[in-house]
Each structure stands twice: as structure tokens, then as C-alpha cells.
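Student: Take a look at the letters that make up each chain.
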Amino acid sequence: DQQVKQNSPSLSVQEGRISILNCDYTNSMFDYFLWYKKYPAEGPTFLISISSIKDKNEDGRFTVFLNKSAKHLSLHIVPSQPGDSAVYFCAASALKDDYKLSFGAGTTVTVRA
Amino acid sequence: DTAVSQTPKYLVTQMGNDKSIKCEQNLGHDTMYWYKQDSKKFLKIMFSYNNKELIINETVPNRFSPKSPDKAHLNLHINSLELGDSAVYFCASSPGPIGSYGYTFGSGTRLTVV
Chain A
1 DQQVKQNSPS LSVQEGRISI LNCDYTNSMF DYFLWYKKYP AEGPTFLISI
51 SSIKDKNEDG RFTVFLNKSA KHLSLHIVPS QPGDSAVYFC AASALKDDYK
101 LSFGAGTTVT VRA
Chain B
1 DTAVSQTPKY LVTQMGNDKS IKCEQNLGHD TMYWYKQDSK KFLKIMFSYN
51 NKELIINETV PNRFSPKSPD KAHLNLHINS LELGDSAVYF CASSPGPIGS
101 YGYTFGSGTR LTVV
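Same order as they appear, the protein sequences are chains A and B. For the first sequence, this note's numbering assigns the number 1 to the initial residue and increments by one for each residue that follows. For the second sequence, this note's numbering assigns the number 1 to the initial residue and increments by one for each residue that follows.
Please keep in mind that the hints were generated in silico from the structure rather than gathered at the bench. Watch out, some of these pointers could steer you wrong.
[Stated by the list, open to error] Which residues of chain A face chain B? A partial, calculated answer using Cβ under 8 Å:
| # | residue |
| --- | --- |
| 1 | D31 |
| 2 | Y36 |
| 3 | P44 |
| 4 | S49 |
| 5 | K100 |
Idealized CB from N, CA, C, for every residue including glycine.
Based on the sequences and whatever the hints tell you, model everything.
Tutor: In C-alpha cells, the structure reads:
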């Protein structure tokens, strides 16, 4: 039972343009949403998080938007750089579950020069 | 200086064998986790320990047994390995069961059961 879904397995974007990654969830009890980036043969690296009481969080080139009514969040990367080519995982956690992370399947981003 | 280190990085073994994967973190974190990434690339939690105490134990076959000798170490022992156990296993840590703080993951152990 996947509670976090990333329906786009891949995304190709030109360097300098915006990358928009989408994530949907089904569990309304989630308190936090997080994005991770993963290179091949490495572990996921934490990028940015957002609390369920907020609708936007920004950190440098990365901005996460949360739409609770639609149970949808997105990650914007502006501008996209070649080093951003990686797999991006959306994740969510709830206090009632001791904040264990539920992950989406990931979106592979390729930034073209 | 690796924050979360797992050994071995690769493990190839025959069905029926028993194997262990070790994990150590030098971040001073209180909470450690084991995640499994299956062939469909989903990352799923297996176990979580907070200060050596088991706090999360997902539906995992009891052939899998975690052991935390101290809060800096969380090892995973697997008995009677099966083909379906082939996956990448990630260890992770966090300051505590805190929602906003991302975990720090190790680089993974690729287990192949033949």
C-alpha cells in the first residue's frame, strides 16, 4: 500500500531551466514531507523538508510547495544544473508512526547541457 | 570521515546462508534505521532503534534480526537467506524520531543471493 506516489519515473530538462517534480500522498496524517536526492551507488541525501502546516519552503535553488487539500507536493529546482542529475525521492512521515519515512518510487532527473 | 558507514558494500552469498551487515554512525545521533530498496526501487523501512531500543519493527520475516550494541551501531543479521532477500540495504541515522530532520543514509549494501 503505497502512501506516497511519484507518478513520473523520469524528467529531462535543459540546463538553466526549471525542474518540477511532483508527489502525491494518500495519508492525511502525515506531518512532514521531505525530498531526497540519490546518485548511483550512494545513499539518499536529504534536500529539503516542509511541515504540513506550511505551504512553501525555500532553500537556495530548491523550493517545495505543499497543497494539503489536493494531497500534493512539488519540488522546484531553479536553475537546473548538470549536478542535479539524480534520482529524487519524495518522502513523508507522521508523529503517530514515530516519524518513520514512507518513500515514493523516485523520479530520475536528467539535466541536458 | 564517513558519517554513516556500512560494511560490506557488496555481498554475494548462497541461499540458506546466514550473513550480517554492519552499520556505524559517528554523528552522535540517537536513532538508527534499516531500509530495504527492492527491485522496484522502493525504499521501505524495516527497523528503527532509538538509544538501543527497538521502536519500529515493520512486517519483516523473523529471519531478519537487528542488533544495537550501542547507539552508534545497528547491525542486521539475516538467517537462511532466500533469493527474494536480494536488494540494497540502507542504514540511516537521525538525531531522534524527528519529522523535519532528514535522515543521514549510508551508501548501501547490495546483497545478492544466488
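Student: Does each hint hold? Answer for all of them.
Tutor: Outcome of the hint check:
no. : hint : verdict
1   : D31  : 5 Å, holds
2   : Y36  : 7 Å, holds
3   : P44  : 5 Å, holds
4   : S49  : 5 Å, holds
5   : K100 : 5 Å, holds
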